[in-house]
Structures are given as C-alpha cells and as structure tokens.
Amino acid sequence: MPLLKVEGVTAGYGTMEILRGIHMTVNDGEIVSLVGPNGAGKSTLMKTIFGLLHPRSGTITYRGQPIDAREPHEIVRLGLCYVPQVDNVFTSLTVEENLDMGGYLLDTAELPQRRDKVYAFLPRLRERRQQRVGKMSGGERQMVAMGSALMLEPDLLLLDEPSAGLAPKLVDEVFDNIERINATGVAVLMVEQNARKSLQMAHRGYVLANGENRYDGTGRELLDDPDVARLYLGG
Amino acid sequence: MSAPPGSETALTAADPPRLGERLRAAVQTRAFLVAVVVAVLVGLYAGGVAAGASAEHLASLTAWGLMLGGIIALGSIGLTLVYGVLKFPNFSHGALVTLGAYVTLTVMALLPAGRALAPLSFGYELIVGVIVAMPVVGIVSLAVDRVVYRRLRRTNAHLVLFAMASLAMLFLLQSIIYLGWGPEFHFYYPGRPNPALALPFGIRVRADQLFILGLGIVLMFAVAALLEWTRMGKAMRATADNPDLARIRGIDTERVIAWTWMLGGALAATGGTMYGLSSQLRPEMGFWLLLPMFAAVIMGGIGSAYGAMVAALIVGVAHQVSSSFLNPTYGPAVAFVLMVLTLIIRPQGLFGRPEG
Amino acid sequence: MSQVIVLKGLMLGVALSLIAMILLPPGRRGRIAGGAVLGLGLGFGIAATMPPGYLAYLISFLVMASIYAMLALGLNTQWGYNGHLNFGVAGFFAVGAFTSALFTIEAPTGLAAAYTQVAFGLELPFLAGVAAAAVVSGVVAFLIAVPVLRLRLDFLAIATIGIAEIIRLVFQNERWLANGPQPLRGIPQPGRCLFQSARCDWLPEWALWLVEPLGTRDYNAFYLVIVAVFLAATYALVERACRSPWGRMLRAVRDEEASAAMNGKAVAFVRIQSFVMGAVIMGIAGALYAHYMVAIDYAHFHALFATFLVWIMLMLGGSGNHRGAVAGAILVWGVWSGTSFLANALDPVLAMIHADMAGRAHYIRWLLVAILLAGVVLYRPQGLLSEEMRVSRYLRDGRGR
Chain A
1 MPLLKVEGVT AGYGTMEILR GIHMTVNDGE IVSLVGPNGA GKSTLMKTIF GLLHPRSGTI
61 TYRGQPIDAR EPHEIVRLGL CYVPQVDNVF TSLTVEENLD MGGYLLDTAE LPQRRDKVYA
121 FLPRLRERRQ QRVGKMSGGE RQMVAMGSAL MLEPDLLLLD EPSAGLAPKL VDEVFDNIER
181 INATGVAVLM VEQNARKSLQ MAHRGYVLAN GENRYDGTGR ELLDDPDVAR LYLGG
Chain B
236 MSAPPGSETA LTAADPPRLG ERLRAAVQTR AFLVAVVVAV LVGLYAGGVA AGASAEHLAS
296 LTAWGLMLGG IIALGSIGLT LVYGVLKFPN FSHGALVTLG AYVTLTVMAL LPAGRALAPL
356 SFGYELIVGV IVAMPVVGIV SLAVDRVVYR RLRRTNAHLV LFAMASLAML FLLQSIIYLG
416 WGPEFHFYYP GRPNPALALP FGIRVRADQL FILGLGIVLM FAVAALLEWT RMGKAMRATA
476 DNPDLARIRG IDTERVIAWT WMLGGALAAT GGTMYGLSSQ LRPEMGFWLL LPMFAAVIMG
536 GIGSAYGAMV AALIVGVAHQ VSSSFLNPTY GPAVAFVLMV LTLIIRPQGL FGRPEG
Chain C
592 MSQVIVLKGL MLGVALSLIA MILLPPGRRG RIAGGAVLGL GLGFGIAATM PPGYLAYLIS
652 FLVMASIYAM LALGLNTQWG YNGHLNFGVA GFFAVGAFTS ALFTIEAPTG LAAAYTQVAF
712 GLELPFLAGV AAAAVVSGVV AFLIAVPVLR LRLDFLAIAT IGIAEIIRLV FQNERWLANG
772 PQPLRGIPQP GRCLFQSARC DWLPEWALWL VEPLGTRDYN AFYLVIVAVF LAATYALVER
832 ACRSPWGRML RAVRDEEASA AMNGKAVAFV RIQSFVMGAV IMGIAGALYA HYMVAIDYAH
892 FHALFATFLV WIMLMLGGSG NHRGAVAGAI LVWGVWSGTS FLANALDPVL AMIHADMAGR
952 AHYIRWLLVA ILLAGVVLYR PQGLLSEEMR VSRYLRDGRG R
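Residue numbers (our numbering), protein chains in the order written: chain A, 1 to 235; chain B, 236 to 591; chain C, 592 to 992.
Everything labelled a hint here was simulated from the structure, so no lab data went into it.
Remember, predicted model here, so these are calculated numbers, not experimental data.
All C-beta atoms in this analysis are idealised placements derived from N, C-alpha and C, irrespective of residue type, glycine included.
It cannot be assumed that every hint is accurate.
As the list claims (entries may be wrong) - In silico DMTMM-like cross-links for lysine to aspartate or glutamate, where the CA-CA straight-line distance does not exceed 25 Å: (1) 135(A) / 71(A); (2) 322(B) / 745(C); (3) 117(A) / 463(B); (4) 856(C) / 256(B); (5) 322(B) / 71(A); (6) 135(A) / 256(B); (7) 135(A) / 419(B); (8) 322(B) / 846(C); (9) 322(B) / 487(B); (10) 322(B) / 847(C); (11) 197(A) / 173(A); (12) 135(A) / 519(B); (13) 197(A) / 155(A); (14) 197(A) / 172(A); (15) 322(B) / 697(C); (16) 169(A) / 212(A); (17) 5(A) / 479(B); (18) 322(B) / 87(A); (19) 117(A) / 127(A).
As the list claims (entries may be wrong) - Facing chain B, from chain C, some residues (calculated, C-beta under 7 Å): (20) 719; (21) 746; (22) 748; (23) 749; (24) 899; (25) 965; (26) 968; (27) 971; (28) 972; (29) 976.
As the list claims (entries may be wrong) - Quick list of simulated restraints, FRET-style, between CB atoms: (30) 227(A) / 385(B): 46 to 56 Å; (31) 87(A) / 847(C): 19 to 29 Å; (32) 449(B) / 777(C): 50 to 60 Å.
Isolated chain A (complex conformation) (with noise of 0.2 Å):
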C-alpha cells in the first residue's frame, strides 16, 4: 500500500479551479518531487493534501485512510508534517519554542530527547536555541521550520520550495539535509523551483501544468526526457 495517495483531486479558491483532477502517490521512504511552472498547482496541492484547502473532488488516501476532510491538526497525529513556503516559523518565539511547537502532541516528558535529537542532526539549533527567530537569517528560519517538522519524527515529509531564496552555498546546505533526513526513513514529497537539482536526488517525479498531471516517472527518466527538459527545465 502506498503510503499517500491522491486520486482524482480538484480544489481552488472561491470560484478559482487551481486542481483539476490530479493522481499522485508517495511510497514509503521515497524522495518525490513536483515541478512544473508557476502557477501549476504545486503548492496548492501541498495545501490540500494537508487539509488547509479541501478537495471539491477526488480523494486523498494515507495508508489507506480518507484524510481529506480533515483539518490540519488531525492530520498531523497521522505522522505527516509539513514545511509550508512562507511564514514557516513562529518569529515571535524561540528556537527552542518553536520545536516545542513542532512537537506539541507529544508528551511533554518526551520533549528534550526529540529536541535532543533535533539538535544533533541540526547543531547550529543548539548553539540559538535561546534566540528569537525573528531576529535570525532566511537560511537560519528554514533550518528552524526543517527541525520543528521534525519533531514529531513524521513518516512523510511535505517541503514547500524549501530552498527559495537562499543563497547557493545554503542551498546545497538544504538538499543535503534533505537526503539526510530521507536517509533515516523519512518519506518526503517535495516541491522546487530548482527542478533539475530536486529530480536529481528524487526517486521519483511529477511534472503538473495548469493544474493537470503531465508527466511522471523516476527522477532519472524526466531529466532524460526532452520534452520535459525543454518545456520545464530550461533546456
């Protein structure tokens, strides 16, 4: 069984149709990724799988249970957590609050060893844990959003552009955590506006346009495929 299904999915906003009946699936400890041009879906299907955004058609499946009719809160305690694009932490709080955050379903007694946990597969939120994430740098906030999906040692991550607007050197900083955290088991659905680097490190792919699946395979075979590299990534 896979682990997230998506089967048929139309959402939008108000009278907007963003979706128009897209089937994707996430098995268990895969890297997939989206990509396709602004304006293709990709985040609003990130929302929509995780209940900020209800389907008008369609079903989403995880491990085989109906999740979309749910609300965001229910869907976490699945073991489902998701970096949103933007507004990603709690800038009033701290670092060490915020993965309290992340992690508050769980036991309160259970908290420092997650954070323990989170700290050493991301040291520089030991040395800032006291620190307001409002005062910290892009690179800095998207570490502290990483670790407080963490957490709650989710069995699927959902990144959205989680390399978008950092500088090249962090980029890289983030990819390579990102296959960390895979490493451990952790299935993630990604979307990128870096196609070619995300497809590169993706088991598998889809490519979405206006809302519709166009094209889907291993990361391998997308990045071979001209028209997919023609259309969708630049040549």
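Starting from the known structure of chain A, arrange chains B and C on it as the hints suggest.
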C-alpha cells in the same frame, strides 16, 4: 497606510535618505516613544505642581494610579490576547468587565454576610463572589464567541464585520446588565467606612487599594507564567503569531481560542470586581474603561500580555495624576492622548515587534 | 376639506414626495413625477383621515427618521465610499448640534445667566446656524483626520470611538461652553412664529389668512418639510458626487489604495476629503436635531443612539448605496420606535419575573437592536440593497466592471 519600517530601509539603501525619511526613521523608534511617554508623564506631574498640588498628594495619586493601572491591566490582558489571536478590537470586552462586577454582587447577595477582614473593608463573600464570577464571565465570553465570532471566522469574514459584531455584543451585554440590575449605582458594601492608612511620605491609601494592587500583580505574574511555561500558554502565543502554522503544527486553534476567551473573560471579571470595590458599580463602568484598556493594549503592543500590563500601569498613573489639575472625568481623554501618540509614533507599541 | 387639513396635507405631502423621490428605484424617467404624485397623494390622504394624535406621531417619526437618514448618508460617504471605519458618528453629530445652538441662541442675561451658561449666543438666523454647524464639524473632522486617518482600519475605529466619547465629555463637563451637564434650552426654531398667535412681523398682511388656522402644535409638520428639503438636497449632492470621477476615485482608494496611488491619485488627501465631507453632513444633521429638540444635552449623544443606530441603518440598508442608507434609516428608526410599544407590552412580563425589573422594559429595545445588528452582520452583511456598481452616469448599470 504607513509603510512598514523594513521597506524604508530597503528604499534608503539605494538613495541617500531625504530629511523627512531620516526624521521618520528616528521618530519611529522605541526610544523615541519611551521619551514621549515619559515627557507626557512629567508634563502631568508639572501640571499638578502648577495647580498647587502638594508632593504628598501627588505621591498618593501615583499610588492610586498604580492601583487603577492594576485594574486596567486585568481588563487589557484578555483584550490584547483576543486582539492578537483573532486580529480584531473586541469592543464588547468593556461589557465583560461590567458583567464580572455585577455577577460578584449577585453572588455576594446570596451569601450570609461576614465580618470585614480588617484592615480591608470587605469580607470573605467578595472573594467567593470573584471566584464564582471568573468562570461565569469566562463562559459568557466563550458563548459569545461560539454564537457570533466563530461563525464569522468560518466564513473568513472581514475585520470590519468582527468589529461591528463586537459593537453589537457590547450593547447586547450592556442591555442585559441594565435589564438585570437596573441603571442605578450599586455598592458592594453600602455605607461601610474604609479609612485610609497613613503610609510613609504622607501617602494615603486604603487597605483595599493595596489589596487590589497586590492581586493585580499576582495575577499578572500568573498570566506571565502561564504564557511562558505552560503548553497552552505557548500555544496561545504561537496561535497569535501565526494561526495557520499553529494548525499545521498540530495545535487545535479552536481550543486555544476557547481558552483565550475563558482567560480573558475571567481576568475581566476580576478587573471589574476590583473596579467596583474601589468606586461603585455602574452599568457603563466597563465602557468607561474601554479607552484606557485599548490605550494599554496599543501602547503595550497588540498581542503582548506583558506589554499591556506595563502600559496599563502607565495609563493608570497618567489618569490619576492628571486629576490633580483636570476634571477627573477626563481620565479617558488622557489615556486617549497616550494611545494616539503611540499610534502616530510607533503603531506596534512599546513591546511589539516591527511589522512584517 | 378644511383649510388646516389642506395645509397639513400639503406640508406632509411635500416632505413625503421628497422622501419618495429618494426611495423610488433610480434611473427611471418617472422618478420625480412619480414621487411627487405618490407623496402628495399620501400626504393629503393621511392628513384627511388620520386622527390628529397619530398624525403628530407620524410627523415626529418622519423628522427623526430623516435626521438619521442624513447621518447615514454622512457615514456612507465615509465608510461606504471610502472605507473609513468611523465609530464616532456621535461626536460630529454633537458638534453640529451644539454649534448651531450656540450660533442661534439668545445669550441669557440677568437671573437666567446664573442657570444657563453659554460661551456665546449670537442670535443668528437658522440657516446661519446650520452653516456654522457644517463648517465647525468639518474643521473638527479635518483636525482629527490629519493624524488619525493614516491609521489602520481597526485603529481608526478605536480612535474615533474615543474621539466621540471625549467630545461628549467636553460638553458634559464644560459648563461655560454650553451649560455643561444641564440641558441647553431655548434653541430657536425656524418659522416658529408662523404658528404662534403673535404672527411673524415679516409676514405680509394678505398672507395672514393662509396660516391663520394653524397652531403651535402643527409646527412639526413645517419642520418636517425643512428636514426633508435638507435630506433631499444632501442625497442629490452625495449621489452626484459619488457618481462623478471624484466618487470613482473614492472607491478606487477604498478598494485598491496602492493602485490608486500608483495611478497618480493623492490618496491621503482623498481620504481626508471624504471624511470631512461625511462629517459636514453629520454636523448639519446635528443642527437639524438641535432645532427640532429645542433643548439638548450631552446625554443625547450617547454612542448607542448616535453611532450604533446609524451603523445598523447603514449596514441594513447596504453600505455604498445612498438609497439603501436612507431606506435603512427609515426602517431601523421604525424598528426602534416600534420596540417602544413592544417594551411597554413586555413590562408586565418583566414584573412577573422580578418586581425590580418592571421599570426596565425599555432596555429590551437595546437588546433587540443589538440582536438586529448581529443578525445583519452574520446573515446579510451586504445589506438589503447592495452597492451599485455604477461607474458613470454615461454608462449603464454593471458595465465597466
């Protein structure tokens, strides 16, 4: 709309700043706001001296101001938390303050009268009254949320509709108070003497006033501890900061909002009772406190409970000291001046974060 | 028909015609003629058939409803067209009322001066008082607008509710200004002498027979005509102004401030203009109120009566729609007046619940209007008549959107 400070620095990076921009950048700092607030306070004291008030009198006024500040603070904490989480000015909060005072009165009437806990003027029944009034008002404010504001939240209604609905709820609760208790003044202990204690430096305060200040400080620390160290407190701050992210992180924001209303209502009830104890109960007492409370909320920075507490003390002192040379009913006007100064100089207040 | 009935019918008819012209659907050719026929017909019909007591009630109802309609029009210019969340209508209403009173009143002398203190009493004619009310209210609005209008929407609401409260405090405390906590009495009424036994000295001899049968009790019908003329003129003015390029600019600033600014509109100045214009209308409404009441005091300008009710009227009628604002005002004033009968009817019920509650029935009216506003906000936030998306009078409805 004034541009957030951040965008200005971006602008000025390219061009050398014009004089107006540099001036504005200098004015919009916390230091400047503090300086202006201090200047207003100094001006008020100077006005008192000019009107011939003695040093002892001014010292007593300051003490009374701190006490009034404690009352305002109890009211503003709920107001600022709701403002921070739900992003609308809740005008009906004034009526919750009034309701708390009257619920205490009714509970006291049901209890057998006890002796005064000397040197305080009140007996055990007032304390029982407050303890009952806190959850009652908390539940009322939660019920109003469930019936009105939650529906608006579900439809993503515009801020204006929230503000309008809260105005409606202000008059609704006030009319219920008028219906239930009538327009006349009430006292918790009609005619009971309450002599002032003579403290050092010629300060004259009543024991009740010291109790009010003490209770205010204790509750303020309790709220601070709640927000700083408990799970629910942190969730409240997180929800105020970024409601969508809070939901993504697994926080049931509706539950957090419910607790925010309960807490705000309970503190408003305490504030109302203390206000009633220090003067008398009037159906419009909470409406009268609305301006000082909003002044404290805005000066302290919306959503910041600590900020509201500190600013409430400033507002309370300014309010009382101004009465040394102004008609005391102008108190809300003094609070209003402080509020408008804050809004003009630095809308995010003394303790708020820069926007954006 | 007796002469009294004809005269009363004529006055009521003229007033009703003017109101009917406002309320009839716009854009039809027969609006003015139809309004005149309908209003005059109704006026004569009512004057001929209705018992005098009811007629007097109807007339005083229409006077107050028209004054509130003007407040609603003023608020609509500010909120409906330019998005100012003004919760301080009461303040401008009070400024207008007291200004006009002071400009027209006779300054008391001798013994009376001990009981009634005023800063000045100029004994100017009614229209000068109204003009002064408009100017002073506009100046106050301008002084407030400069620091406050650049605030965020919610801050503006808090600030304006505070300003109105402070204005009320000033009129309550400052005895020297307008008799402080005591009512300011003896505000003159325009044309009052027409109805008194000693007729106006300016009235020509030949016209005396015309007003001969009228008594002081009939004065309100005459005042209703004055108020209706002001209402119709205000309506025509704001309707024209809001259909003009200026009105389009107001809406542009309201909806898309940034793009209006990028299109070269002086956004800050536009916002001040509409705020001041709304306040001027509210000030005129205040003047009309003062001369109607003859005696006013600070308690008349409570937020409930002078701000809250006006907002309900505008919200119910439909903000951004002047016709809706007037209709909402008449409707809500009807509900408010009607609830006074209901409250009386409920008095015994309250007395059964608790003896103390018997005298408090009129607070049920507050309760009901608060529920009414909550209901409008929850179930019909766009009001009964929603905003007309009219771009220009040269284009048909709905085009250009």
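Hints, one by one, checked against the model:
no.: 1; hint: 135(A) / 71(A); result: 31 Å, violated
no.: 2; hint: 322(B) / 745(C); result: 9 Å, holds
no.: 3; hint: 117(A) / 463(B); result: 23 Å, holds
no.: 4; hint: 856(C) / 256(B); result: 21 Å, holds
no.: 5; hint: 322(B) / 71(A); result: 21 Å, holds
no.: 6; hint: 135(A) / 256(B); result: 24 Å, holds
no.: 7; hint: 135(A) / 419(B); result: 53 Å, violated
no.: 8; hint: 322(B) / 846(C); result: 20 Å, holds
no.: 9; hint: 322(B) / 487(B); result: 18 Å, holds
no.: 10; hint: 322(B) / 847(C); result: 21 Å, holds
no.: 11; hint: 197(A) / 173(A); result: 13 Å, holds
no.: 12; hint: 135(A) / 519(B); result: 44 Å, violated
no.: 13; hint: 197(A) / 155(A); result: 23 Å, holds
no.: 14; hint: 197(A) / 172(A); result: 10 Å, holds
no.: 15; hint: 322(B) / 697(C); result: 50 Å, violated
no.: 16; hint: 169(A) / 212(A); result: 33 Å, violated
no.: 17; hint: 5(A) / 479(B); result: 24 Å, holds
no.: 18; hint: 322(B) / 87(A); result: 17 Å, holds
no.: 19; hint: 117(A) / 127(A); result: 14 Å, holds
no.: 20; hint: 719; result: 31 Å, violated
no.: 21; hint: 746; result: 5 Å, holds
no.: 22; hint: 748; result: 5 Å, holds
no.: 23; hint: 749; result: 5 Å, holds
no.: 24; hint: 899; result: 6 Å, holds
no.: 25; hint: 965; result: 4 Å, holds
no.: 26; hint: 968; result: 5 Å, holds
no.: 27; hint: 971; result: 11 Å, violated
no.: 28; hint: 972; result: 6 Å, holds
no.: 29; hint: 976; result: 18 Å, violated
no.: 30; hint: 227(A) / 385(B): 46 to 56 Å; result: 50 Å, holds
no.: 31; hint: 87(A) / 847(C): 19 to 29 Å; result: 23 Å, holds
no.: 32; hint: 449(B) / 777(C): 50 to 60 Å; result: 53 Å, holds
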